[in-house]
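Listed below, chain by chain, are the residues.
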Amino acid sequence: DAGVIQSPRHEVTEMGQEVTLRCKPISGHDYLFWYRQTMMRGLELLIYFNNNVPIDDSGMPEDRFSAKMPNASFSTLKIQPSEPRDSAVYFCASSLWVRGRTTEAFFGQGTRLTVV
Amino acid sequence: DQQVKQNSPSLSVQEGRISILNCDYTNSMFDYFLWYKKYPAEGPTFLISISSIKDKNEDGRFTVFLNKSAKHLSLHIVPSQPGDSAVYFCAASVRGGADGLTFGKGTHLIIQP
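Chains as they are written, first to last, in this note's numbering: chain U, 1 to 116; chain R, 1001 to 1113.
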């Protein structure tokens, strides 16, 4: 398996524009997580899905952020409209539930978002 | 409120010596702890984990110790190698990881030749 695949790797956009980040989890994994890394807050969980269903989105900072998982092999994180403070590295991760706990989460390489 | 704390932003160790990275947590509901390693421009990669029912787990040069009464865990790397230079994140979860991970802010380990 190629691992968790995120696209694009880098995104530069102007304030007010819509941004869509994409993630393909590892095949067979039933959990998908979106994290954001900033200098101030470190790595923080934004939202996660189990079997394509959003379970907890309490980490999503504002209504400008939304995430979907239309099928087991694809998820998107959308920011509309984007603001400079959204600049960060966004990571997608996936894991599998096995014998009472998840396996370790496997992370993608991240999308570095810059909003100017 | 930071539930997982790594109080040393950086640590410098000589090649061949032991590296000890520390992590403290506040949430007594955490039942699963992990260490991740991260190189620049890459995603975190899993290193080693420990369940709350254990106090030690070993994998090659890496050993994780858990002290539940002190709410403290540590990662030992013996011997340290130049390729170990990276940022190390401590992470914790409830429900065996099903609710996602809470991360510390990381410790930058530098292995000196």
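Hints in this document: simulated from the structure, not taken from any laboratory.
The structure presented is a predicted model; accordingly, all values stated were derived computationally and were not measured.
Cβ atoms here follow ideal geometry from the backbone N, Cα and C, with glycine treated the same way.
Mixed in with the good hints there might be a few duds.
[Said to hold, decoys possible] Some but not every residue of chain U turned toward chain R, in silico, with C-beta under 8 Å:
| id | residue |
| --- | --- |
| 1 | Tyr-48 |
| 2 | Phe-65 |
| 3 | Gly-100 |
[What the hints assert, rightly or not] If you want the footprint, here are the derived chain U segments under chain R, 3+ residues with CB under 8 Å:
| id | segment |
| --- | --- |
| 4 | 38-45 |
| 5 | 85-99 |
| 6 | 102-111 |
[To be verified] Anything over 12 Å on all C-beta distances counts as not near chain U; from chain R, calculated:
| id | residue |
| --- | --- |
| 7 | Ser-1010 |
| 8 | Asp-1055 |
| 9 | Asn-1067 |
Hint-by-hint comparison with the structure:
1. Tyr-48: This interface hint holds because 5 Å falls under the 8 Å limit.
2. Phe-65: Constraint on U/Phe-65 not satisfied, violated at 16 Å.
3. Gly-100: 6 Å, holds
4. 38-45: Result for this restraint: holds, n = 4.
5. 85-99: Result for this restraint: holds, n = 4.
6. 102-111: Contact hint for the segment 102-111 of chain U vs chain R: holds, 9 residues under 8 Å.
7. Ser-1010: The assertion about R/Ser-1010 holds, with a minimum of 15 Å to chain U.
8. Asp-1055: At roughly 18 Å from the nearest Cβ of chain U, R/Asp-1055 sits farther out than 12 Å, so the non-interface label holds.
9. Asn-1067: 21 Å, holds
The earlier numbered hint that this structure contradicts is number 2, and it is the only one.
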